[in-house]
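2 protein chains.
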Amino acid sequence: MLTSQRKALILERLRRDGQVIAKALADDLGLSEDTIRRDLREMAAEKLLKRVHGGALPLSPELPDFSTRQAVSSDAKRRLGAYAANMIRPGQTVFLDGGTTNAEIARHLPKNLAVTIVTHSPTIAGELEHHPTAEVIVIGGKLYKHSMVATGAAAMAAIASIRADLFFLGVTAIHPARGFSTGDFEEAAIKRHIAQCAAETYVLATAEKLDAASPCQILPIKSVSGLIVPSGIFEESLAPYRDAELPIFLA
Amino acid sequence: MLTSQRKALILERLRRDGQVIAKALADDLGLSEDTIRRDLREMAAEKLLKRVHGGALPLSPELPDFSTRQAVSSDAKRRLGAYAANMIRPGQTVFLDGGTTNAEIARHLPKNLAVTIVTHSPTIAGELEHHPTAEVIVIGGKLYKHSMVATGAAAMAAIASIRADLFFLGVTAIHPARGFSTGDFEEAAIKRHIAQCAAETYVLATAEKLDAASPCQILPIKSVSGLIVPSGIFEESLAPYRDAELPIFLA
DNA sequence: CAGGAATTTGCACGAATATGCGCATATTTT
DNA sequence: AAAATATGCGCATATTCGTGCAAATTCCTG
Chain A
1 MLTSQRKALI LERLRRDGQV IAKALADDLG LSEDTIRRDL REMAAEKLLK RVHGGALPLS
61 PELPDFSTRQ AVSSDAKRRL GAYAANMIRP GQTVFLDGGT TNAEIARHLP KNLAVTIVTH
121 SPTIAGELEH HPTAEVIVIG GKLYKHSMVA TGAAAMAAIA SIRADLFFLG VTAIHPARGF
181 STGDFEEAAI KRHIAQCAAE TYVLATAEKL DAASPCQILP IKSVSGLIVP SGIFEESLAP
241 YRDAELPIFL A
Chain B
1 MLTSQRKALI LERLRRDGQV IAKALADDLG LSEDTIRRDL REMAAEKLLK RVHGGALPLS
61 PELPDFSTRQ AVSSDAKRRL GAYAANMIRP GQTVFLDGGT TNAEIARHLP KNLAVTIVTH
121 SPTIAGELEH HPTAEVIVIG GKLYKHSMVA TGAAAMAAIA SIRADLFFLG VTAIHPARGF
181 STGDFEEAAI KRHIAQCAAE TYVLATAEKL DAASPCQILP IKSVSGLIVP SGIFEESLAP
241 YRDAELPIFL A
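Protein sequence lines correspond, in order, to chains A and B. For reference, each letter of the first sequence is one residue, going 1 to 251 in the UniProt record's numbering. For reference, each letter of the second sequence is one residue, going 1 to 251 in the UniProt record's numbering.
It should be emphasised that the hints constitute simulated quantities derived from the structure, not laboratory data. Certain hints may be false.
Only pairs whose alpha carbons sit at most 27 Å apart, straight line, appear in this in silico BS3-like list of lysine-lysine [stated by the list, open to error]:
1. B:LYS142 / A:LYS111
2. B:LYS50 / B:LYS111
3. A:LYS142 / A:LYS7
4. A:LYS222 / A:LYS7
5. A:LYS50 / B:LYS47
6. A:LYS209 / A:LYS47
7. B:LYS47 / A:LYS47
8. A:LYS50 / B:LYS111
9. A:LYS209 / A:LYS50
10. B:LYS111 / B:LYS47
11. B:LYS222 / B:LYS209
12. B:LYS111 / B:LYS145
13. A:LYS222 / A:LYS209
14. A:LYS23 / A:LYS7
15. A:LYS142 / B:LYS142
16. B:LYS142 / B:LYS111
17. B:LYS209 / A:LYS23
18. B:LYS222 / A:LYS50
19. B:LYS145 / A:LYS47
20. B:LYS222 / A:LYS23
21. A:LYS142 / B:LYS23
22. B:LYS23 / B:LYS47
23. B:LYS7 / B:LYS47
24. B:LYS23 / B:LYS145
25. A:LYS142 / A:LYS111
26. A:LYS111 / B:LYS145
27. B:LYS23 / B:LYS7
28. B:LYS50 / A:LYS142
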């Protein structure tokens, strides 16, 4: 196993679990703890993670805790969520990806709308607890700690049995050439699979996600049906996507 | 569990509850009070909190968040949850039914315990979002709105693929003759199915559930491994169950 | 292709850290 | 005042850490 592979894997586990433990890593990779410790030390020097006794933590540990969770949603995300929610027609089946932006869609879902919402995020499902008319279907599987979405073979199989009219895809980065991407390979695979099972896929993106590239690509630009961005964004950032004939909606 | 995670968790609880109690922290984290006291002492030295007899307080006394404080369960449910959580051994696979009482089990799960938690309730899964060591598997399916648990054929099939060591069953009623029951037929079927896939089934019940009968029976008395009730309950209410040789645990 | 430099990895060992327990003391409650 | 509870300290134990060092591998250079 190459050193860089090992470091990438450490980063992935950090993302997935929100922590890594030196001993466990050494066991899993069949290497000595010294090697792992050296890796962690170096990665800490590169500001890729925070070294702590016994292992390491992500640099910016998950901020959205109980008290702040609702407050962190920016105005832009709320506008995106409200806009997307109003795209949904009665009777449709809508797949909601995980993430804080998609949580806003769930919150803004009109209360008299009879729809079927499918999601692989228990958090999103929880948002719909008190919705009077939505039918909620949750995709099961092993939960990724950090992003709280179901993954794995069971989730893939369950998704395959769904035909959604709309899919609101959450991404971490959008790039004119590389398309839509997310940081984790497994998550990317799931998202790609969902997109294949949905008639139309829309991406909600705040400004900071534009022109960024992330290691794992999900979809090329042309395979999504539209991009929803907050109004007030720089037009020149959007130009490459307009050139690619990607419909853009201003929320 | 890493030390820095523990300290972060203490700070989060301080913000959320406006206080922390050393004893309760030690309990929930599965550590000795000494360790907690050391943490609190160190954090007080770093001016992160104010140390007081029995626990600690936030430095800046913020407004107490009544909206979240009111959502807390009764003392009896908390005790039941803590008791059940401490029955769980490292490495076990535990199926948690839905409901507020089982949510307390999730909340009190010692933070250093490596376990696999399976649940068909997105709400319960959400409770475990910040648990450092638990593997969480969620059972998917159509959500039953009232109780927010997955039901239907998909859920039944997913459950059949699980082998749990323990199943903590939530019920709406217990009756010496009619056994354990719940109000809804579909939910009853799911619960019965889970019990069949688990080695041991325990029921947590507060006083008001005893001697009540509900339309849909889940299980007869003798097919569960034990009943966990809050201490202080009337002994005569328990007598019929003791006669039925059902092990009773006082939390 | 030969040989030296650089990198990687594991091991040993002393230092640092983390944790639990006993016990004497301090504080609160009854 | 007595009992119950909480606290701090010292100590023992178990991990974990960092460093120096040697062996193995890879890279580089002439």
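A quick look at each hint next to the structure:
1. B:LYS142 / A:LYS111: holds (19 Å)
2. B:LYS50 / B:LYS111: holds (24 Å)
3. A:LYS142 / A:LYS7: holds (24 Å)
4. A:LYS222 / A:LYS7: violated (33 Å)
5. A:LYS50 / B:LYS47: holds (21 Å)
6. A:LYS209 / A:LYS47: Roughly 21 Å between the alpha carbons, so the hint for LYS209 of chain A and LYS47 of chain A holds.
7. B:LYS47 / A:LYS47: holds (26 Å)
8. A:LYS50 / B:LYS111: Given pair LYS50 of chain A, LYS111 of chain B holds - Cα atoms ~20 Å apart, limit 27 Å.
9. A:LYS209 / A:LYS50: Holds, at roughly 24 Å.
10. B:LYS111 / B:LYS47: Cα-Cα ~25 Å, so holds.
11. B:LYS222 / B:LYS209: holds (18 Å)
12. B:LYS111 / B:LYS145: violated (30 Å)
13. A:LYS222 / A:LYS209: holds (18 Å)
14. A:LYS23 / A:LYS7: With Cα atoms ~15 Å apart, LYS23 of chain A and LYS7 of chain A stay inside 27 Å; holds.
15. A:LYS142 / B:LYS142: This hinted pair holds, its Cα atoms lying about 17 Å apart.
16. B:LYS142 / B:LYS111: Given pair LYS142 of chain B, LYS111 of chain B is violated - Cα atoms ~30 Å apart, limit 27 Å.
17. B:LYS209 / A:LYS23: violated (46 Å)
18. B:LYS222 / A:LYS50: violated (52 Å)
19. B:LYS145 / A:LYS47: Measuring from Cα to Cα gives roughly 45 Å; hence the hint is violated.
20. B:LYS222 / A:LYS23: violated (44 Å)
21. A:LYS142 / B:LYS23: Given pair LYS142 of chain A, LYS23 of chain B is violated - Cα atoms ~33 Å apart, limit 27 Å.
22. B:LYS23 / B:LYS47: holds (21 Å)
23. B:LYS7 / B:LYS47: Cα-Cα ~13 Å, so holds.
24. B:LYS23 / B:LYS145: Distance ~37 Å between LYS23 of chain B and LYS145 of chain B Cα, so the pair is violated.
25. A:LYS142 / A:LYS111: Roughly 30 Å between the alpha carbons, so the hint for LYS142 of chain A and LYS111 of chain A is violated.
26. A:LYS111 / B:LYS145: Within the cut-off at roughly 14 Å; holds.
27. B:LYS23 / B:LYS7: Answer holds: LYS23 of chain B to LYS7 of chain B is near 15 Å, not above 27 Å.
28. B:LYS50 / A:LYS142: violated (39 Å)
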